[in-house]
Amino acid sequence: MSEELVNVSDLNQHAYCPRRYWYLHFYDTQGRNYERIEGKTKHENQSERGNWLNELYLESERLGLKGKIDVLDLENGRTVPVERKRAESGDYYKSDEVQLAGYCMLLEDHLDEPVRQGAIYLYETDQRMHVPITEDHRETVREQIDAMQSMTVDSIPPFTDNPKKCEACSAREYCLPEETARLEPKKVRGTGWEGRI
Amino acid sequence: MKPPEGMFDESVIYVTRQGAQVQVDGGRIVVWDVDGDEGELASFPIEKLDTINVFGGVNFSTPFVARANEHGIVLNYFTQHGKYRGSFVPEKNTIAEVRRAQYDLSRDEELAIAQQMIAGKIRNARTLLSRKGVRGTDVLKDLGVRAESDTTKDDLRGTEGEAAERYFHLLDETLVDGWTFEKRTKRPPEDHINSLLSLTYVFMKNEVLSALRQYNLDPFLGVLHADRHGRPSLALDLQEEFRPIFCDAFVVRLVNRGVIDHEDFRKDNRLSDDAFKIYLEKFENYMNEELTHPHFEYTVTRRKAVRQQAILLRKAITDELEMYHSLTFTK
Chain A
1 MSEELVNVSD LNQHAYCPRR YWYLHFYDTQ GRNYERIEGK TKHENQSERG
51 NWLNELYLES ERLGLKGKID VLDLENGRTV PVERKRAESG DYYKSDEVQL
101 AGYCMLLEDH LDEPVRQGAI YLYETDQRMH VPITEDHRET VREQIDAMQS
151 MTVDSIPPFT DNPKKCEACS AREYCLPEET ARLEPKKVRG TGWEGRI
Chain B
1 MKPPEGMFDE SVIYVTRQGA QVQVDGGRIV VWDVDGDEGE LASFPIEKLD
51 TINVFGGVNF STPFVARANE HGIVLNYFTQ HGKYRGSFVP EKNTIAEVRR
101 AQYDLSRDEE LAIAQQMIAG KIRNARTLLS RKGVRGTDVL KDLGVRAESD
151 TTKDDLRGTE GEAAERYFHL LDETLVDGWT FEKRTKRPPE DHINSLLSLT
201 YVFMKNEVLS ALRQYNLDPF LGVLHADRHG RPSLALDLQE EFRPIFCDAF
251 VVRLVNRGVI DHEDFRKDNR LSDDAFKIYL EKFENYMNEE LTHPHFEYTV
301 TRRKAVRQQA ILLRKAITDE LEMYHSLTFT K
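If you read the protein sequences in the order shown, they are chains A and B. Just so you know, UniProt numbering puts 79 at position 79 of the first sequence, and the rest follows in order with no gaps. Just so you know, UniProt numbering puts 232 at position 232 of the second sequence, and the rest follows in order with no gaps.
The following block holds chain B by itself, in its conformation from the complex:
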């Protein structure tokens, strides 16, 4: 089976050069070194891009922003160290019918979608652990079954929390010597592993956000995560199933292969500037890495697989499909 065409593999670019300006030149997007004298740093055909992520002091020319609007290109702003600040979203990026269907979802329909996402997350957690030879995942299996039969969102959140605690406890066993994972801490991450996990979740959340926007769903109206001003709840919901199998697996790989080590962190547990550049490059490669799709059997990049989930979510919401089908890997 061949993958559907039309989604471009290199549709996301990252601009990290401080003082650079993003401009347009005919049909291309050009990253220009305005502070220094290096001139053109990179250029991309405009119709291929759908997302540009910029870090820190990067500027956009006004004609560029106009063109981004025209072509439906989303701009995401991060601090130099990868903390998300906000986005520029093109005006045409709404389809009333999709939004209406999304807002019309009943509690039960939301619960049904959330159950698939959480059950998928637990399934993927087990798969990651078993790929790494970690035993004792039977409790997770039971929790996965429970997720699918929970009758309220609160129960489902409880099941998810319990599974996460069990899973993170076991995740420690997947790490090479010199690294430990005690417990998940956020705001601020208390150790290097937690710092890498947090960073990766931000990046994945951003992938999911772009995907939801591309397929015209409102990322701020969730099915499980509580809606809070400024929080992209639906992106967080859809991200759940990718956390273990894509995010955590990526962090484990970085650490176990020695790509990132303890010396790469600053005192506040953030990556040093050089290490952050390496991280970005590895993340980008990872998202463009191909794998065999577990349900469709053709080869897709991780990025494409994530975007297809946004389409499947939309189909579940607009009743084109009976239910949401999460991306689950069983081995």
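Chain A with its partners taken away, still in its complex shape:
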């Protein structure tokens, strides 16, 4: 049996925090549903225009990936995948770049030609930012896929190394990083939560 294909949008979740992904993947919580639904509504509200192709679904056994590209744009004869994001800060995260890299890799597998850049569109600022996809990005994607495919329900990933990420995380109410640090300090050893209490 072939291994389960990893969803490109989950690369983002996993890159943000493996523990968060573990909850969403194995516990299928409401936080996930909420985001999914909201994201979906936003996409549906976008109409098709000009040279754009909306919502292209691709999968690749070779890469171990599947996913839906929001928008494919033709720029000077090159195909550029565009990922649309909500970001109150007015900027995107590093993990968004990883997701975009995943789409570029899927696309080049599909087109059989190199896709060296993607773009992130931010609703808040109505800005499209081009992101060159480097070998580092690709390597990160491959590592993530590997880690995600070998994850099991019994191997709970550690808390994040950056507690700031917990502030906006919908899994926090049951992940309870700070509470765990108080109740069982050794459970947070070696994570960003160590020594924060």
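Calculated from the structure, these hints are not laboratory results. A few of these clues could be false.
Unchecked claim - In silico lysine-lysine, DSS-like type, Cα no more than 30 Å apart, as pairs:
1. B:Lys-267 to B:Lys-183
2. B:Lys-277 to B:Lys-48
3. B:Lys-186 to B:Lys-282
4. A:Lys-186 to B:Lys-331
5. B:Lys-153 to B:Lys-141
6. A:Lys-164 to B:Lys-48
7. A:Lys-186 to B:Lys-141
8. A:Lys-187 to B:Lys-267
9. A:Lys-85 to B:Lys-48
10. A:Lys-68 to A:Lys-165
11. B:Lys-153 to A:Lys-187
12. B:Lys-183 to A:Lys-165
Quick caveat, the model's predicted, so the values are computed rather than measured.
Given chain A's structure and the hints, the job is docking chain B onto it.
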């Protein structure tokens, strides 16, 4: 330290109006007076609710039940006087992995969790008594230590029974003149105090049930209470630590502040209809009252504190934490 967000304070509603119907209107839940002509009695945003408790002759429209299922809202049915009848539980309310871990618990793991719950209960009993200036709780202290070293569930139940007997004997001293607590009686409660305690335990059991369901544990598979058909054993287990510090304290407050007095009861020791409405309102306020969390130091409502215990219980069961940490107040 800030409390984790995402749990809503007003996530539970009570519908007591006889003849009312619960309906949906767009994104809101609307309680409608279908028998009379008052129209809309109340409305709530649907995504905020997780539990609706209805008492007696209250109806649900079919679209509402469909929506409750979709949004994971649990419906609990009570008689007009607060006796629990059953629940509607949304279909998605199961996570196989949590259930599997729960069913896989060994006897020793169950005992370890139950010990924390009972030791916590005894600790909270002492705390309530000492807050009220009652002396002579040293025996309880010893029993608390014994609870943590008991090696079988039967021994633990014995320790718990002994502690309960001592505690209820002392609880009498916390009541104002005109009220006495002789001994705990159930089915039926033989006096007004026992009636209030029983009612409050039903309400708290229900809080705990909703919390367990929200975090995908099976409330019918206990760690200490014997599993019996139709009995939510795990809810009863988790309820133990809240009994003294939340339930009993609430009853003592109602009585000592004169919110409820002897005239508010009917011949069968049940609250009169008017008094029951007051009781409901006070209970709801009490659960939404804020306190400083004894372990986490931030401010939480009692309801949120109870729900967090369901999360901590789940973590103990799924091995995210080494042990179960009961909610204990030391002063």
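Against the structure, the hints come out as follows:
Taken as a hint, the B:Lys-267 and B:Lys-183 pair is honoured in the structure, with Cα atoms around 20 Å apart against an allowance of 30 Å. Distance hint between B:Lys-277 and B:Lys-48 is fulfilled; the C-alpha atoms sit about 24 Å from each other, no more than 30 Å. A hinted pair counts as satisfied when its Cα atoms are at most 30 Å apart, and B:Lys-186 with B:Lys-282 qualifies at roughly 23 Å. As the CA atoms of A:Lys-186 and B:Lys-331 are separated by approximately 27 Å, the hinted pair is consistent with the 30 Å bound.
Restraint check for B:Lys-153 and B:Lys-141: satisfied, since their Cα atoms lie roughly 19 Å apart, inside the 30 Å limit. Under the criterion of a C-alpha separation no larger than 30 Å, the hint pairing A:Lys-164 with B:Lys-48 is consistent with the structure, at around 26 Å. A distance of roughly 29 Å separates the Cα atoms of A:Lys-186 and B:Lys-141; the hinted pair therefore holds under the 30 Å criterion. Proximity of A:Lys-187 to B:Lys-267 is assessed by CA-CA distance (about 56 Å); at most 30 Å being required, the pair is judged violated.
With a C-alpha separation of about 25 Å, the suggested pairing of A:Lys-85 with B:Lys-48 holds against the 30 Å cut-off. Distance hint between A:Lys-68 and A:Lys-165 is fulfilled; the C-alpha atoms sit about 26 Å from each other, no more than 30 Å. A hinted pair counts as satisfied when its Cα atoms are at most 30 Å apart, and B:Lys-153 with A:Lys-187 qualifies at roughly 28 Å. As the CA atoms of B:Lys-183 and A:Lys-165 are separated by approximately 53 Å, the hinted pair breaks the 30 Å bound.
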